[in-house]
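For the record, the sequence lines run as chains A and B.
Its first residue numbered 1, the first sequence is counted upward by one per residue in the working numbering.
Its first residue numbered 1001, the second sequence is counted upward by one per residue in the working numbering.
Hints are computed from structural coordinates only; laboratory data are not their basis.
Predicted model only: the values in this text are computed from it and were never measured.
One should not assume that every hint holds.
What the hints assert, rightly or not - In silico DSBU-like links for lysine-lysine, alpha-carbon gap of 35 angstroms or less: (1) A:K171 x A:K130; (2) A:K144 x A:K130; (3) A:K171 x A:K126; (4) B:K1249 x A:K144; (5) A:K54 x B:K1144; (6) A:K130 x A:K148; (7) A:K54 x A:K148; (8) A:K130 x A:K199; (9) A:K148 x B:K1144; (10) A:K54 x A:K126; (11) A:K148 x B:K1249; (12) A:K54 x A:K171.
Claimed, not checked - Some chain A residues judged to face chain B by a derived CB distance under 10 angstroms, without partners named: (13) G17; (14) S18; (15) A57; (16) R84; (17) I90; (18) P91; (19) Q168.
The C-beta atom is built at its ideal place from N, Cα and C for all residues, glycine as well.
If you want the building blocks of each chain, they are given just below.
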Amino acid sequence: MRSPAAVRAHDVWFTYGSPPSAGWVLRGISLEVPQGCFWAILGPSGAGKTTLVKILAGLLTPHRGEVEVLGLPIEQGRIPQHLRQKIGYIPQQLGLVRGLTALENVLLGSLGRNTGLLPVLGLFPKADVKRAMEYLELLGIAHKAHEKVFRLSGGERQRVAIARTLLQGPKVIFADEFVSDLDLLRAGQIIETMRHFVKRDGITFLLNLHEIQLVQEFADEFLILKEGTIVYQGEARSLTMSLFQEVLEYHGESSPSCAVGALGNRVDL
Amino acid sequence: MKALRRESIVYGALLLLLALVLGQLGFFDPTRLSRGVVNLITFSKDMIPPDVTILPLAGRALFETVQMAFAGTFLGFLLSLPLGILGTRTLFPPPFVLTVRVIVGVIRTIPSLLWAVLFVIVVGLGPLAGTLALAFYTVGYLAKLYAEFFEGVDPEIVEAAKGVGANRLHLARFVIWPESANSVLSQLLFMFEYNIRASAILGFVGAGGIGFYMQAYLNTLSYQRLATLLMMIFALVLAMDLLSTWIRKRYLPTT
Chain A
1 MRSPAAVRAH DVWFTYGSPP SAGWVLRGIS LEVPQGCFWA ILGPSGAGKT TLVKILAGLL
61 TPHRGEVEVL GLPIEQGRIP QHLRQKIGYI PQQLGLVRGL TALENVLLGS LGRNTGLLPV
121 LGLFPKADVK RAMEYLELLG IAHKAHEKVF RLSGGERQRV AIARTLLQGP KVIFADEFVS
181 DLDLLRAGQI IETMRHFVKR DGITFLLNLH EIQLVQEFAD EFLILKEGTI VYQGEARSLT
241 MSLFQEVLEY HGESSPSCAV GALGNRVDL
Chain B
1001 MKALRRESIV YGALLLLLAL VLGQLGFFDP TRLSRGVVNL ITFSKDMIPP DVTILPLAGR
1061 ALFETVQMAF AGTFLGFLLS LPLGILGTRT LFPPPFVLTV RVIVGVIRTI PSLLWAVLFV
1121 IVVGLGPLAG TLALAFYTVG YLAKLYAEFF EGVDPEIVEA AKGVGANRLH LARFVIWPES
1181 ANSVLSQLLF MFEYNIRASA ILGFVGAGGI GFYMQAYLNT LSYQRLATLL MMIFALVLAM
1241 DLLSTWIRKR YLPTT
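Chain B on its own, in the form it takes in the complex (with noise of 0.2 angstroms):
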């Protein structure tokens, strides 16, 4: 009975927070809202029919995003993989581990835009300063999770290697990779899918791929243009979400 009146009194308290924030962030603010409401039915009418005349343009840009996400998750990947191994502790001491591991959170703080805005200072504007961001996002997301599966592997299996005198890369090869290598490529999809959709945003800042022409096509409230481009990323998104199921289905059973 006490467990349950605290329990209680803890999602009473979590409401209670919940409604405060929304206060101070104008959710009760009715005026704003009916206005925003207004807004809502104007863009969208802006936005009908949408101007199918940038089509090739549009296209050449949905391309490079796509080869902003697939060459950063891929780079972000490579580099995971060896950062994953150095942070497992069933393989290296802990100093060493815990080293690996606060610098793969740092790498981890800095949001992809934020990188972005870096590298086009470091390399320019342009799709290669996308890609380095992509990839160092990836690196801060994949080496944690990477380091987490590694070590969640059977411990027995590791020591069973361990008896017969393996070193560390055969434990790396023929142990942990095996063991993990499902998960381990089910997140690179799932990471994939994620950089799809962020490298639709960097252009943003100048670093390449389909988000250069949507903010143009916002600042000059060409809107109907805008639309054209939102449902390329939709399409784009949904179909990268379909074939990354099947790959799944296909490939990665879960056992």
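In isolation and in its complexed conformation, chain A is listed as follows (with noise of 0.2 angstroms):
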């Protein structure tokens, strides 16, 4: 019943040091997410999440192992334009640039749909500039759209953020522990307003989210990662404090390479 992979992943290998004296940071990683839904990945600190968002958005190399996103295959800098664009990445400082305002900021996002050099004498086309602002709009910040964005509090940055990825026109959003900054409430709001987003415009959506509740509220299906291997992958809604600790806790006595659901199939316990 489900419809065709927007990211796949097939046995990835990575490490930040020169392999094999330094240690795997992700150990044969597989995973395919359909098209359209949101998924999380959960984890302990230093397990690799936001290394493996990196190399699904194109961003690390992997030592072994594919990527393929919208089914084109990802390289570092060998990725053509018309894919870039439709992969969004979000990082976990947001990436902003604090020196240019709000809607400036969101119109980068156009960056690579307007290649000449009027963007850069600061004139963007009528209808991007006209979108930005619906975006802003939309996610009720239009007020600020002139206020520099080192002038801006926490979740407004967030919502510029997001409305400088929705402006890229992406079908694959990734980001990164993007909320973690802020506090239960204000996070819940900016991932509905987010999820609002991709649903209406059947975007793929995966992040690296840490809390809890927020997964199993907003989420389709969450991973853990441990140690750089999938041990666990399921349903938003069965998630569960306790459960997430019990695969933690299961998987610290055990050999990562024996983790249930590392090759990416589903396992219901």
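Hints in hand, dock the two standalone chains.
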């Protein structure tokens, strides 16, 4: 009953050092995210969540294994421009340019389309400016459009980052714990807004998320990553704190290579 | 404890080296030093009172000095921006960046006075040579610093912009520039202050400005006139320092 996969990884291995002397950060990750689904990636810090998201977004190259997004292979530096535009990425610290205004930051999302000299002079197509303003409006920060980003609050910055990614017009969005600086209530509001947009436009959404309540409430499916392997995968509704802890404890005692779900197969406990 | 002992050995060795070098340079020669003090007093007496009849002439020369510093700094700055961008590893491949940095490094090895001598030979006596000399010296210094500033921009911001498919020109304009503008302009002011001081002596080799008169008055032992020049330079440098401090405070908040 599932639509075709939007994101596919097969046996992905990665280390920041030179293999095999340095330890592996990711050890044989395989996953398949169906189109239009919202997946959350959970796991203790140091589990490799950020690295995984960067690899899927094509910002890092795995040492072994393949990654496909929207059916096309991803390799760093060799992503065709039309595919690049379809992949949205929100880093942990958002990656906003502090000295530019909110609107200017949102317009950066259109740079993949507007490659000429005009944007360099600050001239963006009217249609893009209009859409950027619409997104800021929908996100409730249109009145801050001309404020420099360094004057905005944490929650406002998150909204700017979301608007920038949406203006890009992606089919897949990867986000790296970008709400972790907010309190639970605000983080929930942001994730809910994000869910609204990705569901409306059929965008596939992969998010690193700490807060179990938020995963349970808003995500479709979740993965638990530990020491570079996927140790559990399940429906978000079924996630509870005790389940999360049990999984982590169970896999603390066994070898990671024996992990359940390591090959991306759904395991219902 | 071991680290501490090693530290004190290093400091001791450095002090010993300093003493040796000072000895070789004549610092421990009491007759020369005492003679020096006497000379200094005579020289100072000869400078009083300063001869202010040369003020109009010196004023024009000083103005030329400021013009040279302004034009040289600005030209050097305009060249340093693209060179700095080309020397940024986050934007360009390593072999390319290395080539740019070697070129900038070679420019930097030549002091401004030597550039002035070269340009006097190339374009003749006068402020044009001095301006070119300052421009080149500025490039050697600023291009290296700017490349370092540009590389210091938070990689996450660069990554996010690369992620939307922005090209290098966009990255330079929308990420690198707004993120580093404050430090870039602050260093530009510093460079201008430095070039004001440097351009005052370029006239020694005939490259324009007030230095020409300084040398002439030195050679003819006209110390009263020289005193006027020195005071003018002192006033100018002080004024420029105050101005740039004010600009920094007003426009370049350190955040």
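Verification of the supplied hints:
For the hint linking A:K171 to A:K130, the alpha-carbon distance of about 21 angstroms falls within 35 angstroms, and the restraint holds. Restraint check for A:K144 and A:K130: the C-alpha separation of about 15 angstroms stays at or below 35 angstroms, so the hint holds. Between A:K171 and A:K126, the direct Cα distance comes to roughly 23 angstroms. Compliance with the 35 angstroms bound is thereby established for this hinted pair. The hinted pair formed by B:K1249 and A:K144 meets the criterion: a straight-line CA distance of about 26 angstroms does not exceed 35 angstroms.
For a cut-off of 35 angstroms, the pair hint linking A:K54 to B:K1144 stands: about 31 angstroms separates their Cα positions. Annotation: proposed proximity of A:K130 to A:K148 holds, straight-line Cα distance about 19 angstroms (limit 35 angstroms). For the hint pairing A:K54 with A:K148, the CA-to-CA distance comes to about 28 angstroms; that is within 35 angstroms, so the pair holds. For the hint linking A:K130 to A:K199, the alpha-carbon distance of about 22 angstroms falls within 35 angstroms, and the restraint holds.
With a C-alpha separation of about 29 angstroms, the suggested pair A:K148 and B:K1144 falls inside the 35 angstroms cut-off, and the hint holds. For the hint linking A:K54 to A:K126, the alpha-carbon distance of about 32 angstroms falls within 35 angstroms, and the restraint holds. Simply put, A:K148 and B:K1249 have alpha-carbon atoms about 19 angstroms apart, close enough for the 35 angstroms limit, and the pair holds. The straight-line distance between the Cα atoms of A:K54 and A:K171 is roughly 16 angstroms, inside the 35 angstroms bound, and the hint therefore holds.
This hint is violated: A:G17 has a C-beta 18 angstroms from the nearest C-beta of chain B, more than the 10 angstroms allowed. Among the interface hints, the one on A:S18 is violated; its C-beta lies about 17 angstroms from the nearest C-beta in chain B, farther than the 10 angstroms criterion. Checking A:A57 against chain B by beta carbon gives a least distance of about 7 angstroms; that is within 10 angstroms, so the hint holds. Nearest Cβ of chain B to the Cβ of A:R84: about 4 angstroms, under the 10 angstroms cut. The hint holds.
For A:I90, the shortest C-beta to C-beta distance to chain B is roughly 7 angstroms, which falls under 10 angstroms, so the interface hint holds. Taken as an interface hint, A:P91 checks out: its beta carbon lies about 5 angstroms from the nearest beta carbon of chain B, inside 10 angstroms. Given hint, A:Q168 at the interface with chain B, holds; its Cβ is 5 angstroms from that chain's nearest Cβ, closer than 10 angstroms.
Consistency note: the structure conflicts with the earlier hints numbered 13, 14.
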